[in-house]
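Protein sequence lines, in the order shown, are assigned to chains A and B.
For the first sequence, the numbering used here gives the first residue as 16, with consecutive numbering after it.
For the second sequence, the numbering used here gives the first residue as 3, with consecutive numbering after it.
These aren't lab readings, by the way, just hints derived from the structure by calculation.
Here the structure is a predicted model, which is why all the values come from computation and not from measurement.
Built from N, CA and C at the ideal position, the CB exists for glycine as well.
Looking from chain B toward chain A, a few residues come up when the C-beta cut is under 7 Å (computed):
#, residue
1, Tyr92
2, Asp107
3, Leu111
These stretches of chain A come out as covered by chain B in the derived footprint (C-beta under 8 Å, 3 or more residues):
#, stretch
4, 242-255
5, 293-299
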Amino acid sequence: MVAGVSTTVPLLVAAVVLVVVVVVSTAIGPASLSLATVLGVLASHVPLVHYHSSASAVANAIVWEIRLPRVVLAGLVGSMLAAGGAAYQGVFRNPLADPYLLGVAAGAGLGATIAIVTPRASFEWLPVAAFLGGAAAVSLTYLMGARTGQRSSGTSIVLAGVAVAALFTAIQTNLQQQHAADLQPVYAWILGSLSTASWTDVRLILPYVVVSGAVLLAHRRLLDALRIGEEEASTIGVHPQRVRLVVVAAATLGTAAAVSVSGLIGFVGIIVPHLVRLTTNASYRVVLPVSMISGASFLILADLGARMLEAPGEVPLGVVTAFIGGPFFIFVLRSRRSQQGVL
Amino acid sequence: MRPPAPSPGPRGALRVEGLVVRYEQTVAVRDVDLAVAPGEWLGLIGANGAGKSSLLRAVARLSPYEGGVHIDGHDTARLSRRHFAQLVAYVPQKPELPVQMRAIDYVALGRLPHLGYFGAEGPQDRVHCGELLARLSLAHMSDRPLGAMSGGELQRLVLARALAQEAPILLLDEPTSALDLGRRVEALELVDELRHERSLTVVSALHDLTLAAQFADRLVLLAQGSIVAAGPADEVLVEGSLDQHFGTRVQILRSDDGEVIVVPRRQRERT
Chain A
16 MVAGVSTTVP LLVAAVVLVV VVVVSTAIGP ASLSLATVLG VLASHVPLVH YHSSASAVAN
76 AIVWEIRLPR VVLAGLVGSM LAAGGAAYQG VFRNPLADPY LLGVAAGAGL GATIAIVTPR
136 ASFEWLPVAA FLGGAAAVSL TYLMGARTGQ RSSGTSIVLA GVAVAALFTA IQTNLQQQHA
196 ADLQPVYAWI LGSLSTASWT DVRLILPYVV VSGAVLLAHR RLLDALRIGE EEASTIGVHP
256 QRVRLVVVAA ATLGTAAAVS VSGLIGFVGI IVPHLVRLTT NASYRVVLPV SMISGASFLI
316 LADLGARMLE APGEVPLGVV TAFIGGPFFI FVLRSRRSQQ GVL
Chain B
3 MRPPAPSPGP RGALRVEGLV VRYEQTVAVR DVDLAVAPGE WLGLIGANGA GKSSLLRAVA
63 RLSPYEGGVH IDGHDTARLS RRHFAQLVAY VPQKPELPVQ MRAIDYVALG RLPHLGYFGA
123 EGPQDRVHCG ELLARLSLAH MSDRPLGAMS GGELQRLVLA RALAQEAPIL LLDEPTSALD
183 LGRRVEALEL VDELRHERSL TVVSALHDLT LAAQFADRLV LLAQGSIVAA GPADEVLVEG
243 SLDQHFGTRV QILRSDDGEV IVVPRRQRER T
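Turn these sequences into a full structure, and let the hints guide you.
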């Protein structure tokens, strides 16, 4: 069937690109290792493949303990941000919606700030505090939006998100003012970085990303149904408010987990789904899974830029994505497709 | 093909009792009773604001109402959204048509009421949608985005999506308002053919009284939310009543084969 082909081809292409990106960015770094060495180390860690790499212990440690966790973490975060963006754009039917729309970023920022400025709180609490802050901000947004909006329309929730984000940012700024000495770590976290990535971080967010991704994928058909508007969707048996609540909850949970380890990385949720829409048939059955895979590739490459552009120093990852994202944002606004209504 | 339904399938008898629709202070529909037989085409006519759309929207469960709506004896207010969508397909006046969506994906939306919450459409659903596109002469447009289709094609496509629901009752709100004269007759002919093929009950709001007279089995004239006349076209379309309820002079003519033709006239003589 035609539909089968048009779903499979983009998925395959995205998957092949991801594999290449993972291998290449694992191979590139300050210590020069040959591609063969890197592939050897990777192969020796694949379960059930009894391959013993001839690489030195140092090379093994560089690839397996330093570079690969960072690449995998970038992949997970990028995948989650892209999926969250596609999902938010679907439920709010707004091409510029991103996973931070309802205040996740401001909430996570406040949570992280509190963790950093609290005396005795160890740095390990930062991801937890960021996660809780993000989830709290979105819950507040949802409650306010649902209360104000007579029929809980998407618009009233988005407006509530703006208000909540402003409130949380104000509190965060005030806290920073009072604890000027801690400004540097807070600032570094906000700009986003994966420089301390480890397998622990990967294990920390993996369950959230998997659950959130699975829930979003399960809703891909219902997201297509919302494209004909809430009212018409309800005439074909869809419950728009319920779909929106479940999708927003899943996307928020995953996004909050992702930013808790990566900091606030912007624009991934806008760039990736739009590029996917421009190159595929725009059904969420395709856009959602392909965005997940391509989001991983995108952020792995962006992180490669972050660690190589000013090596041995690092450019904050959030700065790299913003450098690509800013111009892209304008491109989306100006493109003919968005004027006709991308969704 | 899908297995036969366990019970004798829905027949599509629609009964509306004491229906009232209120918007804030105004009453859009007051105390309307209707009975539409399975396979019948009922045409709702009336001036703008007479309550045609409000009545259809209430039956489609899109606006709150008082009173009862029953299908084959079942109170529709008690049905789940999905079950209701298996019984009633509704085509709004201005359907929302995402320009990038492909025709086949749009039609496939009509299969949603027959899928589980997380269900995916199977090969038989795809075949069903393909057959519908072919039936409505859109087979070659299957992969085309909606933004690249003409008004007449889109009208047929929206009809295809509604038919994909396999609901015995089809509600059409001004189905031809965006079409030119030729496409209008074509679209209504198509609805008429389809309702005979699939024994559908059709309730539609229609602006064009002459076309309403030709296609509907029975007309209901609404004014200020109430039924003021109901019956065959030649009983409902009478000059005095139309003058009063449409607020202009109307002349009724007869074609050679006895069809009613409604002609609006200028209020003043040409000077």
